[in-house]
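Number of protein chains: 2
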Amino acid sequence: MKNDIHLSPIGTIYSPFSDPKEMPIQPASAIGITGKVVVEAEFQEGLKDLEGFSHVILLYYFHLSSGYNLLPKPFLDDEPRGLFATRAPRRPNPLGFSILRLEKINGPTLHVSNVDIIDGTPLLDIKPYVPAFDSHAEATIGWLSGKLDRLNDFRSDDRFSVSPPLIEDS
Amino acid sequence: MKNDIHLSPIGTIYSPFSDPKEMPIQPASAIGITGKVVVEAEFQEGLKDLEGFSHVILLYYFHLSSGYNLLPKPFLDDEPRGLFATRAPRRPNPLGFSILRLEKINGPTLHVSNVDIIDGTPLLDIKPYVPAFDSHAEATIGWLSGKLDRLNDFRSDDRFSVSPPLIEDS
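Residue numbers (the numbering used here), protein chains in the order written: chain A, 944 to 1113; chain B, 944 to 1113.
Bear in mind the hints are in silico, worked out from the structure with no lab data behind them.
There may be inaccurate statements among the hints.
Residues on chain B that point at chain A, a partial pick, calculated with CB under 10 Å [claimed, not checked]:
(1) G995
(2) H998
(3) Y1004
(4) L1007
(5) P1023
(6) F1027
(7) A1075
(8) H1079
(9) G1085
Computed footprint of chain A on chain B; a stretch qualifies when at least three of its residues, placed anywhere within it, have a C-beta under 8 Å from a C-beta of chain A [to be verified]:
(10) 949 to 960
(11) 986 to 992
(12) 1037 to 1046
(13) 1060 to 1071
By construction, the Cβ of each residue, glycine as well, lies at the ideal position given by its N, Cα and C atoms.
Chain A on its own, in the form it takes in the complex (with noise of 0.2 Å):
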């Protein structure tokens, strides 16, 4: 499919991981990590009403990733799962979800907790997070079933920029 389709960042994610390496996998390995998202001056003005939402869905790009394997190796398993079965960086279209925790907005900073993103992230999106829309509590989970009380102990790893030569991609 040729139609190609041109964004641009509105705005920027500052986290604690400079480093892929050190990173958590999922906002939910990295409760009480703290973040900030700004957006740039001219989008400021449609932060208004996001305050009164308790989590934000942040839609950004993964821009150190590059290339993709339709068959990674996850984090969390020994065998390789199929890319959209995995929430895997290195994609086609390389572009990362998270659910963040939003503490407060000062100006066109939201502060936020939770954060499993690397810092200088290229922000695309703010969405509110609705339980009505988002929350399925009852999802079940595939291959991943059994493998998440292991969450905490992984960490990002080289996989997240490049393929090295042995582990492919999370």
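Chain A is fixed; fit chain B onto it per the hints.
Leaving out everything else, chain B in the frame of chain A:
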């Protein structure tokens, strides 16, 4: 911020909604509506292992949207709200996000339900829905509080694609 991001669709989303005017405005008001997500042949291998998940996250391009208004009037309210506190399709980066129920997969085709997406929408990414990461039943919803009971009374309208004279975008 000038660094352009280029994406290409990895497939297409098919639904009964060829006209934005008749479309549910969220999956929660589209219960039972079925549709298909077809990935291009080159990406089909990446669907392996996905069928074990009951829900999928789709990221897609609001291809009928153009422009945006930082203070749109939502379907569910009578006063303008900050764009980033709404799920309006007209956004600086018109990226859509829906969590759909995955019924089954046949080759390159995902059969999904609870579809709130217009027919022919370009698909950008598929991610597995994982309650431990994505379910926050306790989240608070600001201006939307008390308004979701009316969800089923609404359908999308012209606000989806253009900004009519009297009604701003959703």
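Hints and how they fare:
{"no.": "1", "hint": "G995", "verdict": "holds, 2 Å"}
{"no.": "2", "hint": "H998", "verdict": "holds, 4 Å"}
{"no.": "3", "hint": "Y1004", "verdict": "holds, 5 Å"}
{"no.": "4", "hint": "L1007", "verdict": "violated, 13 Å"}
{"no.": "5", "hint": "P1023", "verdict": "holds, 8 Å"}
{"no.": "6", "hint": "F1027", "verdict": "holds, 4 Å"}
{"no.": "7", "hint": "A1075", "verdict": "holds, 5 Å"}
{"no.": "8", "hint": "H1079", "verdict": "holds, 5 Å"}
{"no.": "9", "hint": "G1085", "verdict": "holds, 2 Å"}
{"no.": "10", "hint": "949 to 960", "verdict": "holds (count 7)"}
{"no.": "11", "hint": "986 to 992", "verdict": "holds (count 6)"}
{"no.": "12", "hint": "1037 to 1046", "verdict": "holds (count 3)"}
{"no.": "13", "hint": "1060 to 1071", "verdict": "holds (count 6)"}
Of the numbered hints listed earlier, the single one contradicted by the structure is hint 4.
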